[in-house]
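Colleague: Here is what each chain is made of, one letter per residue.
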Amino acid sequence: MQITVTVNGQSYTRDVEPRLLLVHFLRDDLGLTGTHWGCDTSNCGTCVVRMDGVPVKSCTVLAVMADGHEVGTVEGMAAGGELDPVQQGFVQCHGLQCGFCTPGMMLTARALLDSNPAPSEMDIREAISGQICRCTGYENIVRAVQWAAEHPAPTEAEVSA
Amino acid sequence: MTATEVPPVGFGRMIRKEDARFIRGEGHYVDDVQLPGMLHGAILRSPFAHARIVSIDTSAAEAHPKVRAVITGATLAGLNLAWMPTLSNDVQAVLATDKVRFQGQEVAFVVAEDRYAARDALELIDVDYDPLPAVIDARRALDPDAPTIRDDLEGKTGNHIFDWESGDRARTEEVFNSAEVVVAQDMLYPRVHPAPMETCGTVADFDKTTGKLTVWSTTQAPHAHRTLYALVAGIPEHKIRIISPDIGGGFGNKVGIYPGYVCAVVGSIVTGKAVKWVEDRSENLMSTSFARDYHMHGEIASTKDGKIVGLRVKVLADHGAFNGTAQPTKFPAGFFHIFTGSYDLQAAHCEVTGVYTNKCPGGVAYACSFRVTEAAYLVERMVDVLAYELKMDPAELRMKNLLRAEQFPYTSPTGWEYDSGDYPRAMRLAMELAGYDELRREQAALRRRWEAGDRGELMGIGISFFTEGVGAGPRKHMDILGLGMADGAELRVHPTGKAVLRISVQTQGQGHETTFAQIVAEELGIPVADIDVVHGDTDQTPFGLGTYGSRSTPVSGAAAAIVTRKVRDRARIVAAAMLEASPDDLQWEKGRWFVAGDPEQGRTIQEIALAAHSSLELPEGVEGHLDATTVYNPPNLTYPFGAYICVVDVDPGTGQVKVRRFIAVDDCGVRINPMIVEGQIHGGLADGIGMALMEVMAFDEEGNHLGASFMDYLLPTAVECPSWELGATVTPSPHHPLGAKGVGESATVGSPAAVVNAVLDALRPYNVRHADMPLTPAAVWRAIQGNQFRTDMAIQ
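Residue numbers (my numbering), protein chains in the order written: chain A, 22 to 182; chain B, 2 to 797.
For reference, chain B alone in the conformation it holds in the complex (with noise of 0.2 Å):
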């Protein structure tokens, strides 16, 4: 569906601000920075996945007639910068002093006058490690001959990180050993990354005479990496000015502060220019954050004909070398505890336990919505499990016990409040799409077929319902290193009447200049092409927590509604004075005040943006210009919910999947833009067929990690990807002003295990319940053949 003809003032579809610039190949992305005399930086990268540094020889390096710098641990050791705090409250090495502990750590930066002549250098740099036992399967990382990783912790043995329960584990016991029927199923959610098409990179300008830093960053949170910045480097926050310009996706893999960043900005520092340093594929895929890595022990209790009462699991979380995650400080497992999903439960309670392991940090990331998506694909993989006891079919059993319309607000059993849904409603829609019934009585023709001995392709239906929490705050529960996830807004009318509004939130490619240009519309009532959105720079912008977790809309773009209503009653008390009425007397209409009875005695945005600007007598008080200021906390989170039906021909012979429909139904409240709203869903779509068949990081027995390419690291293409099938239903959130959800993420979090349980659900006949994603080719054959491997280890 292409966008409207005439643009809307205000919700709707319309073509985007922002495409103007791409298109033509001129958008400015951070490799595109080109500063006089600016250098370029490479980093040297650990090839051991454990490993002991016995010395570190640069001379040659150094020797190079291009290079400018070359930076080691002790370097910054002697700055107080050879470790950084992560966002989980733990420290990385920015540059490895006593040991590497993951293959890919940073060891060396070197600073040149091109980037061949760094990536030359970095040959010359003769490093002596001594290689230690590693510690690769985080099922093995507590034993107790397991090698300790973070001897640098003062007192640490072993590689626990923290314990973490939600719910209430004696009542779920209780509800346990009463049920009559009990099911368990361990599966795990494996490693995977974010992989945008760009990666990471920054360009650092330090001013000597200012003491200004200028720093241009793949980063989804500006104004956190200021912070960080100044309480890392001791330069004042006033002093530094991160710039987020067009960034070539996040999906999460963008929100921290990485070693490379803060090796430009000392090599900034040290050489008096700006320096570059961007990241190749293999290092983005080696060291940036990846996500999940969930080993995952679930029971789901119910009555026998499918009542379901109590949901538990134990989860062992493989956090890698540093707790790196970002998520809010309160919640080490994210939001994984809203494992309960979309139903009505007696009882629940999950345990997460963390660990330590020679791999690469990070663990929330790829658009996951604080680990919903890991919780998503263990309820919606338990409720097919219990279908698959049961021998229910797997719609009937989740209508038998979604949540109705009339229990929201709901208060699921681990503490989450659910704003708003109906669910049974997006369930028979998507099933209405798909057209469920006719697809189960071919199904059951193919299978008879099977039975008589044809082993042709067998075809499978998988559901996925799912529930999200997106949008933190509110700031009372929640903060990162102690910043309260509230958001910022700042609207400017000028006199002509166009507007500027700025933003703490940017764009990765969401649309931000669009979306939010369209809420100041909707409520100013002027066309969008008069207000311009700045966001992405922490001098023009105020302060906010940045893009990730689906909360641009929740949170900034209720700020954006927020002011643009505050800069609407001002304009109210400017038109009274203008009309010589009261501002009680005066009733709103899209763009204009009038004296209520009598509407030809009106004003609009623009008479009284230019007379809030001249010498017009306001009421005492009242202080002249149209504009506004904002800070924004979320009462709640707003809970978006799907219900996603996926279409699967499997060949058994070979394994091969091919996703031949894919029906998705979101709820994600008022959609602002449907246009932008269902793009973001496609997107999700696709990345969970990468998941559920393609996507995984392995590592071999010495922590070699065998996806760091494109060509090993399978991402979906448009053969992989059908034509997306969306249908929508709109529940609005009661809390959030314009009534909206988030919905970045939703897909991404919704669809992996509606094709993982059609996978599962075709291979029906083999008797197979479950294997663990990606359903590769060779893992979909062993699993016919009842010979299942772990597929995040390369050997068993």
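Okay, chain A solo, but in the shape it has when bound (with noise of 0.2 Å):
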């Protein structure tokens, strides 16, 4: 089946078997490896990227499926190569150690701000309960994103006064 997806704002076309997922056409067809895979069930969300600004998990959804739709990957987070507040928290609070989580709760976390951008502990806990972290205790993904909320990025209209 042809499939046109926009990634981080490229769109790309695509021949892809109907059974494809869509962690794997970012993957191994567009050579975007940012985005890992980790369990097959739809529990460890390491393949979390945002489908339309939602984020979703791409080992459980097909390629076909993101057809017609903007998909948004950790690639994509450092707009014009300026890190994002998320990205500089993981950083700033050792949110990260084997990296493997890394760019789903750092998508995860970006969704979130973007909604609420004064989130409380339980708001961030809850929202990155989905996605497992082996190494961190989550204790500092928590302060990564909290950190990424006092440090919001400075707004078009302030960049430009």
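No lab work stands behind these hints: they were computed from the structure.
As the structure is a computational prediction, the values presented were derived from the model and not from experiment.
Virtual Cβ for every residue (Gly too), placed ideally from N, Cα, C.
Keep in mind that the hints are not guaranteed to be accurate.
[Claimed, not checked] Quick list of simulated restraints, FRET-style, between CB atoms:
(1) V720(B) x P175(A): 30 to 40 Å
(2) D144(A) x R449(B): 51 to 61 Å
(3) P86(B) x P175(A): 55 to 65 Å
(4) D144(A) x G235(B): 56 to 66 Å
(5) P175(A) x E397(B): 54 to 64 Å
(6) P37(B) x P175(A): 40 to 50 Å
(7) Q789(B) x M22(A): 46 to 56 Å
(8) T27(A) x G235(B): 44 to 54 Å
(9) R783(B) x D144(A): 33 to 43 Å
[Unchecked claim] Partner residues aside, some chain B positions facing chain A, computed with beta carbon under 10 Å:
(10) D33
(11) D247
(12) M712
From the two separate chains plus the hints, produce the assembled complex.
Modeller: As structure tokens, this is what we get:
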């Protein structure tokens, strides 16, 4: 089947098997290996990407379901080369160790902050509760998201002013 | 706490070098490796726990248009590769030839053009099995009528693997015979799994022309793997390159060599193409190294007023179908005999019997410090069981028996020499951070309400005080398959003063690229930014045994310090030549040698590096350049310790446990990067909550694995974990050049007992003395009803 998917603002048209998972489409067809795969059963969330802004687990989305949609991956987080505050927060607060769950965690955190710029600790814990990290015990991930909330990126108006 | 704004030159909090690539999605894990013409492998696995293989028909799979090769045990037998050595001097089937011995065992390997086609072809392989009775319950493995699992071993009948003991049996008996109080308790440390987020996998690329085999692999021990591949496959060792790229968590899961790795290598040799094999999550949980499965009978002896005098334990160890545990050769039960823990007692003795069952092989994994986890759990539960019987406060009982600072170095009843410690100080700090007395008052009020008929939540306070022995060797006592546990390091300082450190251990998330650069920076006084750490590639690094058992800092960290000091000594000679002074007259300050008494007269490392590579005349016998190599053979293990306090709320109506607080005081000696150390502890504390409350790999009576996906094998998420409260004491190791001790596994070792002790403390009004992990709502509720069940078996 032919599909056209916009990934990180760039449009890709490809012929794919109907059964191809979005995670494999991103990784194998487009070479965007920042999205990881970890469990098959939608439990671990290392494969989280944003589809039309909503975090989804790309191991349980078929590539054909993304036809005509916008997908955001970790590779698209640093707009114009400037790190997203979430990315900065993860570095500042040691929010990652092995780095495997990190892209999914950061994308979920960004989606949370887009809808809730000042989340409580429990808001953050609940937002990432569909994702597993085996290294950090979550403590520093929570702090990283709090850091990002406290250091929002300057808005376009502020930049041009 | 965030890292400091100005990076330190040496030890201290600083952000990690490796983060830059990970936060951009530019990490490079095994599954990210793409090579031209690369093929994909998939493994057909046994649905039975125990069955004879009657026949395997691969013809339909071979006819699949995208399939390039189908490899079976018969194919491998022709290459003498059907069996491979395990890390415990047993053998393990790479692909089954005669029988399958656990559910999920490897039976055939398909190589195809893409990963989907490889999976499709598995469905086309027809295997005729003749099912056999299975041994699932370790407690029945030695029954006279139990079927023999390992009939492949010449003359083998029964399922016994080994008996091992430590300590003084006779002396312990004497102590027990004359003791005022003896308490016994059976307990299980269930079968659990490290479950790193990245599963295991390999890309093998054999170049027929040069005979060179390059293997990208999820390995915590690339050099040991290289030697094993050479011994198993007969490929000369200098023609093998193992690359351990970014690794998505290890925790012990990635120490051994799995059949899939060997199959990928054979697949590449057979097809002439690179072959990638990456297991899925069910394969990871069903067939790669599990941890624990220790059935323990503990006995503790004390005086009436709570002075512990003796401890003994009998362990039945379920090692699965092949003895594939990973630990130093002389220690078949790992370091379990450190089970006397942190206490001053007169005598101790342990016996461990290993048995085969129809389950996956493994046993030493999941951040266990070679079975110190099991030992720490045993002793910390036994102390609480004693407190229960004596009706003593568990903190008071521990304070009464902890080793005192002046007893170090301390030789334990089973022969360990603990290097340093101040246990009461750590315990007092944990109690202070927790507000222990206030918590007990709150609990007393809740219990009064319970006695008055209120059946709301009960609160429990659990304590664990652990001592670990980490950083194996020394090499004279410790080897794995004959490879001594010592590690190399190599440091080169380039003419402009920038340095490259090459180490034998590699990170799976622990931050070696930062920590090891900080060690060089501390010792040489050049900025961390000027130091690159090369690791995880056998062609580029010196030999060493790898990262597991919390050994990177104790062993390789020491190697890094010593190699840097060698370079510093060379720099002194060069500086002396530059200053026309005697080396003996020079004095060191961080980054600079200067003339004693004339601080103006000095040279920085950068100036010295340039001079060392120049035409400067050096004294007779002194080589130019500024580099050095070393091999570090540790004189002893290091002994980190800690005091943990967990506070839980338990709903007796549902059995639901909520972890309210967790206070962890760790002493791992000198902290190179406290931020990274704290991160290691955080992760281990979450492990403790997982194991104590959620994680178990249980089996039904036919050997079906009941925890074979993350739907069934439950891991803690951010909502089960509290915000960790950490404290620290620092008791340097006297024999480590930096005073550092290992820490990677401390929290995983110490925390499960604290959580379990807390839950049982909450259940005190119901007179529950012990219940086995995991304390799921069902297990807690059944314990309250006085109707406990075995957590490791589906059918009792």
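Colleague: Run every hint past the structure and note whether it holds.
Modeller: Right, here's what the structure says about each hint:
Between V720(B) and P175(A) the Cβ separation comes to about 33 Å, which falls inside the hinted range of 30 to 40 Å. Range check, D144(A) to R449(B): about 36 Å between beta-carbon atoms, so the 51 to 61 Å window is missed. One distance hint, 55 to 65 Å for the beta-carbon pair P86(B) and P175(A), holds here, with the actual separation near 60 Å. In this structure the supplied range 56 to 66 Å holds for D144(A) paired with G235(B), their Cβ-Cβ distance being about 58 Å.
At roughly 57 Å, the beta carbons of P175(A) and E397(B) sit within the given window of 54 to 64 Å. Separation of P37(B) from P175(A) is about 44 Å and conforms to the stated range, judged on CB atoms against 40 to 50 Å. Look at Q789(B) against M22(A): about 55 Å separates their beta carbons, and that is inside 46 to 56 Å. Range check, T27(A) to G235(B): about 52 Å between beta-carbon atoms, so the 44 to 54 Å window is met.
R783(B) and D144(A) have their C-beta atoms about 35 Å apart, which keeps the hinted 33 to 43 Å range intact. The interface hint given for D33(B) is met, as the beta carbon of that residue sits about 4 Å from the closest beta carbon of chain A, less than 10 Å. With a cut of 10 Å, the hint placing D247(B) at the interface with chain A holds, because the nearest CB-to-CB distance is about 7 Å. Residue-level restraint check for M712(B) holds (minimum Cβ-Cβ distance to chain A is 5 Å; threshold 10 Å).
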